[in-house]
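Enquirer: Those sequence lines, one after another, are chains A and B.
Last residue of the first sequence: 1014 in the numbering used here, with the numbers rising by one and none dropped.
Last residue of the second sequence: 311 in the numbering used here, with the numbers rising by one and none dropped.
In case anyone wonders, no lab produced these hints; they're calculated from the structure.
Among the hints, a few may not be true.
[What the hints assert, rightly or not] If we take Cβ atoms under 10 Å as the criterion, some of the chain A residues that face chain B in the derived model are:
1) 539
2) 540
3) 619
4) 622
5) 623
6) 626
7) 627
8) 630
9) 633
10) 779
11) 841
12) 842
13) 847
14) 925
15) 928
16) 1000
[To be verified] Result set (EDC-like, lysine to aspartate or glutamate): computed pairs, CA atoms no more than 20 Å apart in a straight line:
17) A:559 - B:93
18) A:845 - B:93
19) A:554 - B:134
20) A:554 - B:133
21) B:20 - A:847
22) A:924 - B:19
23) B:12 - A:847
24) A:845 - B:57
25) B:63 - A:614
26) A:845 - B:25
27) B:135 - A:614
28) B:109 - B:77
29) A:845 - B:73
30) B:63 - A:847
Heads up, the beta-carbon is just placed ideally off N, CA and C, and yes, glycines get one too.
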Amino acid sequence: MTYFVTPEFHRQIWTKCPPFKMVAAPLLLLVMWGIAGGDLGIGLRMNDALKIGIFYLFVLVVMVWGSYEASTAMDEEIRSRTWDYQKVSAISPLQLVFGKVFGSTAYVWYVGLMCMAVYRTTFDVPLRPEIYAMFYMLAAGIAGHLVAFLFSMSSFAARARHGAVKGGGAGIFPCIAGIIVAFYMTRAYAMNALQTGIPYSYLKWYNEYFDGLESTACGLTFFIFWAAVGCYRMVRAELMYRMWPWVWMVFVPSVTIAISGIFARSPAYLLGEFKPVNLIPPALCAFSVCFTLGYATLLSESSDRRKYERLGASLRARAWGRAFENTPLWITTLPYVVLTAGLLVGLCLMSQQFASARFGPAAVAALLFAVRDGFAVHTLHNTQRKRAAFAVPLYFVMAYAVLPVIFLAASGTTLQLRRSMFSYLELPQVQEIFYPHRADEWMATLSMPLLQAVLACFVFLRFALKTDATNRNAVS
Amino acid sequence: MTIAMIEVEKLNFDYPDKRVLHDISFTINEGSVTALVGPNGAGKTTLLRCIAALDRAHSGKVTIGGKDAADFPRDVHHMTGYLSDFFGLYDGLSLRQCLTYMAWCQKVPASEVPKRVAEVAEQVGITARLEEKAGTLSRGYRQRLGIGLALIHNPQLLILDEPASGMDPDARIALSQMIRGLRAQGKTIIVSSHILTELEDYCTDMLVIKDGRVAQQVQLQEYAAKTVRVLRIGIANLGVSHMDMLQRVPNLKVTGTENNVVVAEFSGTEEEQQGLLRKLMTDNVPVFSFTTTQHTLQDAYMDVTSGRK
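Given these sequences and hints, build the entire structure.
Expert: Pasting the structure below:
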């Protein structure tokens, strides 16, 4: 006796797809199909109503219900205390991810694909965009489910780090994240393709033109690939495999390269005058992507004291493999951040003729503010362990909202809202103190963030490390 | 020759705010049944989870069947059957489906799955209820199914965390019999429990954990042989002459009398004890009873936790 696809998928089929549910869905759709030829008498033919209804039924079932099912697949195991059985079994991470994501949504897809089939017969766009639109809808659903599962896994891992794994309850956030992703993709790509025939006429990527339909499909596939890899890695970690951060170190540059390509511009002649190539926008984009990923991992890993301790123990024991395994992701992201920042600064210094060269000091200032925040949150997590969940958000509110406003009020300056590529608050005289600031003057822009970073480093070394050593002695 | 199945060296485990296991080291031999005992919060469950490679220790080493649990966690998982203290079941599935699913997960060859399911069902006594839903089972039967799920891949090591909690007397007797049967098959078993009298039925060793440290590891047979036995000798018309005679017996220390019964600690061998009885008979001492009080697992535990030993 063998299983269908994977053991977990088969179990989910047993649980989610009882015979009466399997019969009910096609019967309901058949009824809808049967009355499709009628007239509602309000100027809307039943066929049109069905077309709209079936589309939104697909969206509701696959996007909303499916994201909910995917987000609770892991939570059910934790809540019903069956996760240890799976964890101690020989099932592979890939089998488990496939079973959980596609097994928990098996019934959803059963209904969704029937909706799609009905919709297909009532729609009359040219075949090529229609095929792509269908692919986009499928991809949107899969992406939403993967994101919901990924967020529920990461929520589970975060709770496990804090020693609270028995209760379950990842909350509604993973489900909402999945729905947002699925809705966005459906609306931005699938509906656009169905209504206009194309989502975008073309995509210019690293100075090359690509077909809009195909490049959108590639983009979605790229997203799904990395979401699936993320799910796989999360489950692999839960199954206690040794995890070296190689995949993350490939993910960061691949995403950076993919996104930066959109901002790459070619040399151009404008009104007969040669306009030199401006490499600052793609470099700025690359820096922004690396910086965002580094900053996000820095914040999320700052509370994982055990990982730092394991890293320290591995380094002391000269167990380099174990040390690499326990290296926080933000540290592995750091080389990319420094590299892209260096590239950006270099380009800004060499290309002063571009207005965007003013982003160079801002990028370095952002790095220094990140260093300050990194030291600050680590200090808070080490010194205020029980209150860190409150203290860390409070720090950010103080650092980025309350103190600037107080400073501003004290200086008697009024706020000016400036509209540009990004809307931002113009805070004359004080903005260099609190925010990364576009400017020509490097020293003026960097002096205050540098001072704050040094101060935060001093506080961390003076108090956090001392407290940490005291706590370790106490618990030992 | 004894082969180590579990070797734990200087194991430390931290929860975010406290260290729960401190430099734990011990060895458990293949084929033994070890009772893991200790007060609530001593770190028993955490230790079992580290042994089963379900949690990663802060430092130290756990080796199961020669495999380092940190380096080869999945190999350790495959060697291990684990029943957690608060385990759950797939309530919507039948018992057969539960066992089949776990057999698939444990990579039991497809052709052997039905046979293995039947074997395990027989072993844990749920054959008659295989088509019932897990959600309808009583506590005792849930426990049986839980153990069945842990046994489905015929693991070398079985870790049972509080397996008897909530069971009725019949189910507890069945559990004892089952563990004795598994012991006879040569499996290494660790059982965590608070019910020491039951552990006594089937355990060969005892590991006492207190405040996250190993307080003592006791080989129960050796413990029983090494420790003094309490003799209760009933003598009709007990008199001074009888007491004088008993005081002169080597390895016997009279600790008191209760009516006509002399209570004494005897530290000799079983043969010497037999010799004592024979001497009493040949000296025409009017003995009407001669009993030995066995040292129980509870005594051993109390010895360790009270610091008597």
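Enquirer: Each hint should be assessed against the structure and marked as holding or not.
Expert: Structure-based check of all given hints:
1. 539: With a minimum Cβ separation of about 5 Å from chain B (threshold 10 Å), the hint on residue 539 of chain A holds.
2. 540: Given a least distance of 4 Å, the restraint on residue 540 of chain A holds.
3. 619: Holds, about 3 Å.
4. 622: Result: holds, 5 Å to nearest chain B Cβ.
5. 623: 6 Å, holds
6. 626: 5 Å, holds
7. 627: 4 Å, holds
8. 630: 9 Å, holds
9. 633: OK, holds: residue 633 of chain A within 10 Å of chain B, min 9 Å.
10. 779: Given a least distance of 7 Å, the restraint on residue 779 of chain A holds.
11. 841: 8 Å, holds
12. 842: Holds, because the Cβ-Cβ distance from residue 842 of chain A to chain B comes to roughly 9 Å (cut-off 10 Å).
13. 847: 6 Å, holds
14. 925: With a closest approach of 12 Å, the residue 925 of chain A hint is violated.
15. 928: 16 Å, violated
16. 1000: 22 Å, violated
17. A:559 - B:93: With a Cα-Cα distance of about 19 Å, the restraint between residue 559 of chain A and residue 93 of chain B holds, given a limit of 20 Å.
18. A:845 - B:93: Violated - the C-alpha atoms of residue 93 of chain B and residue 845 of chain A are around 36 Å apart, more than 20 Å.
19. A:554 - B:134: Judged against 20 Å, a Cα distance of about 18 Å means the pair holds.
20. A:554 - B:133: This hinted pair holds, its Cα atoms lying about 19 Å apart.
21. B:20 - A:847: 13 Å, holds
22. A:924 - B:19: 9 Å, holds
23. B:12 - A:847: 16 Å, holds
24. A:845 - B:57: Given that 20 Å is the threshold and the Cα spacing comes to 13 Å, the pair holds.
25. B:63 - A:614: Cα-Cα ~32 Å, so violated.
26. A:845 - B:25: Holds: residue 845 of chain A and residue 25 of chain B sit about 19 Å apart, inside 20 Å.
27. B:135 - A:614: 18 Å, holds
28. B:109 - B:77: Status holds; Cα separation ~13 Å.
29. A:845 - B:73: Distance of about 17 Å is within 20 Å: holds.
30. B:63 - A:847: Distance of about 16 Å is within 20 Å: holds.
The structure is inconsistent with the numbered hints 14, 15, 16, 18 and 25, although it conforms to all the rest.
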